[in-house]
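Enquirer: Going by full-length UniProt numbering, the sequence shown opens with residue 1, and the numbers climb by one from there.
These are calculated hints, taken from the structure and not from any lab test. Check each hint, because a few of them may be wrong.
DEER-style ranges, computed between Cβ atoms [claimed, not checked]: (1) L62 with Q8: 36 to 46 Å; (2) D48 with A6: 35 to 45 Å; (3) A87 with Q33: 18 to 28 Å; (4) S4 with A90: 17 to 27 Å; (5) E32 with A87: 34 to 44 Å; (6) K104 with R15: 37 to 47 Å; (7) Q28 with F144: 17 to 27 Å.
Glycine is no exception: its CB is placed at the ideal position from the N, C-alpha and C atoms.
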Amino acid sequence: MKFSQARQGRVFVLRLEDGEIVHEVIEQFAREQAVKAAALLILGGADDGSRLVVGPREGRALPIEPMEHLLQGTHEVTGTGTLFPDAQGAPLLHMHMACGRQGKSVTGCVRQGVKVWHIMEVIVFELLDTTARRTPQPPMGWPFLEP
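Taking the hints into account, I'd like the entire structure generated from these sequences.
Expert: This is how it looks when you write it as structure tokens:
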């Protein structure tokens with residue numbers, strides 16, 4: 001385990017609008033508000049055609065081949081995530097969301113494009129005084145958190 005310490009800064013309450021793409025609008029908000037690091041909670045509705053990454057196809061096989069799930073119909077959602085800068089200093093959201101409809105649910109990462117159905121509510125808890133960032137991790141293919 002690796003760790004670092006941070007302190008809480010500002011707290012933002014966001015309402016995402018119909019048709020917005022979750023990770024795109026949250027990362028844009030972070031750039032505009034100079035939020036370098038944050039913890040997030042989200043709930044609301046995901047629209048038909050939203051895409052989630054639902055795991056690697058072959059466990060520990062390399063290279064990792066992500067599996068994608070396409071939502072069919074609107075879904076109720078709840079999720080949590082973190083936001084830290086990438087190697088270039090740009091905010092990079094890592095968020096997982098549980099999406100449910102008619103007694104069935106699927107959970108995955110929003111990075112492939114989850115589209116807001118009417119609204120989503122987001123609470124952003126800014127983290128200050130942290131050097132944590134996401135750094136490239138070959139051969140994994142995506143950046144890992146370095147606290």
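Enquirer: Note whether the CB distance of Q28 and F144 lies within 17 to 27 Å or breaks it.
Expert: 23 Å, holds
Enquirer: Honestly, do S4 and A90 meet the 17 to 27 Å range at C-beta?
Expert: 20 Å, holds
Enquirer: Would you say the C-beta atoms of L62 and Q8 sit inside 36 to 46 Å of each other?
Expert: 38 Å, holds
Enquirer: With 37 to 47 Å as the target window, see if K104 and R15 comply at their CB atoms.
Expert: 27 Å, violated
Enquirer: Per the hint of 34 to 44 Å, is the separation of the Cβ atoms of E32 and A87 within bounds?
Expert: 21 Å, violated
Enquirer: At the C-beta level, are A87 and Q33 separated by a distance inside 18 to 28 Å?
Expert: 21 Å, holds
Enquirer: Determine whether the Cβ-Cβ distance between D48 and A6 falls within the hinted range of 35 to 45 Å.
Expert: 37 Å Cβ-Cβ, so the 35 to 45 Å window holds.
The structure is inconsistent with the numbered hints 5, 6, although it conforms to all the rest.
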